[in-house]
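> Residue numbers 0 to 502, in numbering that gives the first Met the number 0, belong to the letters of the sequence shown in order.
Hints listed in this document are in silico derivations from the structure and should not be mistaken for laboratory results. Misleading hints may appear alongside valid ones.
Pairs of lysine to any residue, SDA-like flavour, derived with a Cα cap of 25 Å [unchecked claim]: (1) Lys485 to Arg39; (2) Lys485 to Arg73; (3) Lys485 to Asp64; (4) Lys485 to Ala424; (5) Lys485 to Ala72; (6) Lys485 to Gly216; (7) Lys485 to Val57; (8) Lys485 to Val176.
Now the in silico label distances, taken between C-beta atoms and shown as ranges [unchecked claim]: (9) Leu301 to Pro166: 37 to 43 Å; (10) Val478 to Leu411: 20 to 26 Å; (11) Leu397 to Lys485: 14 to 20 Å; (12) Val57 to Arg496: 24 to 30 Å; (13) Leu58 to Ala464: 23 to 29 Å; (14) Met180 to Gly216: 26 to 32 Å.
Backbone N, C-alpha and C define an ideal beta-carbon position, used for all residues, glycine too.
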Amino acid sequence: MIVALLAVPFCGALLLLLVPPHRLGLRPGAAGAGAAGAERYVRAVGLLASGGALLLAVLVAATFDYGQPRRMARVVDLSWAPAIGLRFHVGVDGISLPLVVLTALLTFLCLVYGQDRHQSRALTGLVLLLEVGTLGTFVALDLMLFFLFLEAVLIPMYFMIAIWGGPGRRAAASTYVLYMMLGSGVLLVGLLLIAVHGGTLDMVVLARRHGAGLSHGVQVAAFGLAGLGFAVKAPIWPLHSWLPDALTEAPTAGSVLLAGVLLKTGTYGLVRIALPMAPAGARTWAPWLGLLAVAGICYASLACLAQRQLTRMVAYSTVGGMGFVLLGIATLTPAGTNGALFGNVAHGLIIGLLFFAAGSVRNRYGTGDLDALGGGTTAMPPRLAAMLGFAAVAGLGLPGLAGFWGELLALLGAYRPAAGLPRPAFVTFMAAGGLGAVLTTAYFLRLLAGITRGVVPVAREEVRAHEYAVWAPLVILIVAIGLWPKILLDLTDGPVRALLGGG
Numbered sequence: 000m001i002v003a004l005l006a007v008p009f010c011g012a013l014l015l016l017l018v019p020p021h022r023l024g025l026r027p028g029a030a031g032a033g034a035a036g037a038e039r040y041v042r043a044v045g046l047l048a049s050g051g052a053l054l055l056a057v058l059v060a061a062t063f064d065y066g067q068p069r070r071m072a073r074v075v076d077l078s079w080a081p082a083i084g085l086r087f088h089v090g091v092d093g094i095s096l097p098l099v100v101l102t103a104l105l106t107f108l109c110l111v112y113g114q115d116r117h118q119s120r121a122l123t124g125l126v127l128l129l130e131v132g133t134l135g136t137f138v139a140l141d142l143m144l145f146f147l148f149l150e151a152v153l154i155p156m157y158f159m160i161a162i163w164g165g166p167g168r169r170a171a172a173s174t175y176v177l178y179m180m181l182g183s184g185v186l187l188v189g190l191l192l193i194a195v196h197g198g199t200l201d202m203v204v205l206a207r208r209h210g211a212g213l214s215h216g217v218q219v220a221a222f223g224l225a226g227l228g229f230a231v232k233a234p235i236w237p238l239h240s241w242l243p244d245a246l247t248e249a250p251t252a253g254s255v256l257l258a259g260v261l262l263k264t265g266t267y268g269l270v271r272i273a274l275p276m277a278p279a280g281a282r283t284w285a286p287w288l289g290l291l292a293v294a295g296i297c298y299a300s301l302a303c304l305a306q307r308q309l310t311r312m313v314a315y316s317t318v319g320g321m322g323f324v325l326l327g328i329a330t331l332t333p334a335g336t337n338g339a340l341f342g343n344v345a346h347g348l349i350i351g352l353l354f355f356a357a358g359s360v361r362n363r364y365g366t367g368d369l370d371a372l373g374g375g376t377t378a379m380p381p382r383l384a385a386m387l388g389f390a391a392v393a394g395l396g397l398p399g400l401a402g403f404w405g406e407l408l409a410l411l412g413a414y415r416p417a418a419g420l421p422r423p424a425f426v427t428f429m430a431a432g433g434l435g436a437v438l439t440t441a442y443f444l445r446l447l448a449g450i451t452r453g454v455v456p457v458a459r460e461e462v463r464a465h466e467y468a469v470w471a472p473l474v475i476l477i478v479a480i481g482l483w484p485k486i487l488l489d490l491t492d493g494p495v496r497a498l499l500g501g502g
């Protein structure tokens with residue numbers, strides 16, 4: 000079923016990219032029935048491929064053995080390149096399963112969201128290729144296969160930004176690729192250090208060894224290099240400077256997928272690879288990770304307070320959200336790491352909703368300027384303002400919504416970090432993270448105050464059916480895992496304890 004999960008969107012992408020509509024008797028450039036037929040073809044293939052992948056992801060989740068979440072399920076292990084020991088080895092456990100479902104859901108919603116506008120055949124195909132690379136990253140159990148899938152997302156995202164982005168798209172796309180390639184270079188060296196000294200590319204075997212066979216120096220170097228590569232992809236302050244421009248200039252689908260799932264590949268890699276395979280290196284670098292995490296939280300909050308453009312403010316808030324995830328990882332505790340994984344999923348849902356709502360604002364008014372949207376004739380429709388307000392409240396970590404638990408567990412982990420870590424430093428990090436949470440509340444409340452002012456023209460009142468269809472599942476999930484965090488924590492706790500060496 001995992002192979003089918005990857006194959007369905009891949010085949011959909013090939014249909015769109017390699018079989019133009021005119022070969023089926025449809026002419027996208029013509030007027031009338033031919034153009035409408037070509038449009039329906041693109042929409043149908045996109046929705047069927049992404050919907051099929053979502054259905055398969057839900058089936059994997061429905062048939063998962065929740066009594067043993069640490070055991071890899073749906074494992075496929077086939078020889079790929081025997082001469083170098085490379086295998087097509089994939090599977091899911093309690094850590095990867097939520098991210099697989101999140102990726103499939105957000106991809107499907109992105110294609111539903113574009114139903115009221117012309118859907119480019121190439122853009123839809125690139126969205127599906129992006130889904131394949133992201134899903135592959137989360138299910139890969141071979142180090143080189145993981146790296147190949149992780150790199151496979153670069154080309155689709157580059158073209159999504161460079162061709163369909165805003166006025167500064169070329170510079171944003173070039174900066175994105177430059178940072179990603181530099182991060183990938185150091186990441187590859189770190190992965191090769193682990194593989195060569197560990198004698199295998201098998202991620203399951205290497206994780207079970209917990210650094211056995213790797214000297215202290217090798218572990219410190221491997222964690223430092225791999226951690227730097229993952230930090231670029233997350234991104235972690237001060238390696239974040241590519242992110243605001245990329246998210247601001249990208250089309251809505253690109254922003255949702257980049258912030259909602261692609262950034263999670265970096266923090267997922269830290270938990271799946273760096274922590275269990277180089278535990279001595281993790282203990283050495285953990286205080287520095289914690290320092291960078293809280294610096295990013297506070298920096299992002301102040302940067303958001305200075306923004307007057309909606310999409311850019313949401314983009315900077317992403318840096319702060321990923322800072323809480325990194326803080327949880329840096330504690331090297333089950334509580335903190337569970338909080339980080341919970342925060343990955345919660346942030347993906349909330350930031351996806353924020354960018355969908357911001358995209359709706361941009362489509363209606365052609366601007367995201369908060370001053371213009373906050374009063375007079377450009378005031379926001381109440382239903383759209385309510386949805387954006389709900390996403391903002393979820394983003395500030397209100398109890399009862401998904402954003403609360405990841406931040407709380409990260410701060411609790413910092414209060415009692417793993418043995419051997421400097422507790423005074425981590426308590427300081429906890430205090431600084433709490434200050435960042437207060438600043439987060441300030442800029443989201445400012446957003447709420449801005450979007451609820453003014454008189455709304457009747458013509459702009461309407462919210463379309465496809466927008467409700469996109470918002471509804473995200474709202475339901477944000478509330479559901481906020482009220483019942485056990486849904487995710489029971490999944491991740493067992494695998495996290497195993498990866499941290501707790502049996």
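> Would you mind marking each hint as holding or not holding in the structure?
Hint-by-hint comparison with the structure:
no. : hint                         : result
1   : Lys485 to Arg39              : violated, 41 Å
2   : Lys485 to Arg73              : holds, 23 Å
3   : Lys485 to Asp64              : holds, 16 Å
4   : Lys485 to Ala424             : violated, 30 Å
5   : Lys485 to Ala72              : holds, 21 Å
6   : Lys485 to Gly216             : violated, 39 Å
7   : Lys485 to Val57              : holds, 18 Å
8   : Lys485 to Val176             : violated, 38 Å
9   : Leu301 to Pro166: 37 to 43 Å : violated, 26 Å
10  : Val478 to Leu411: 20 to 26 Å : holds, 23 Å
11  : Leu397 to Lys485: 14 to 20 Å : holds, 19 Å
12  : Val57 to Arg496: 24 to 30 Å  : holds, 27 Å
13  : Leu58 to Ala464: 23 to 29 Å  : holds, 27 Å
14  : Met180 to Gly216: 26 to 32 Å : holds, 27 Å
Hint violations for this structure: numbers 1, 4, 6, 8, 9, all remaining hints satisfied.
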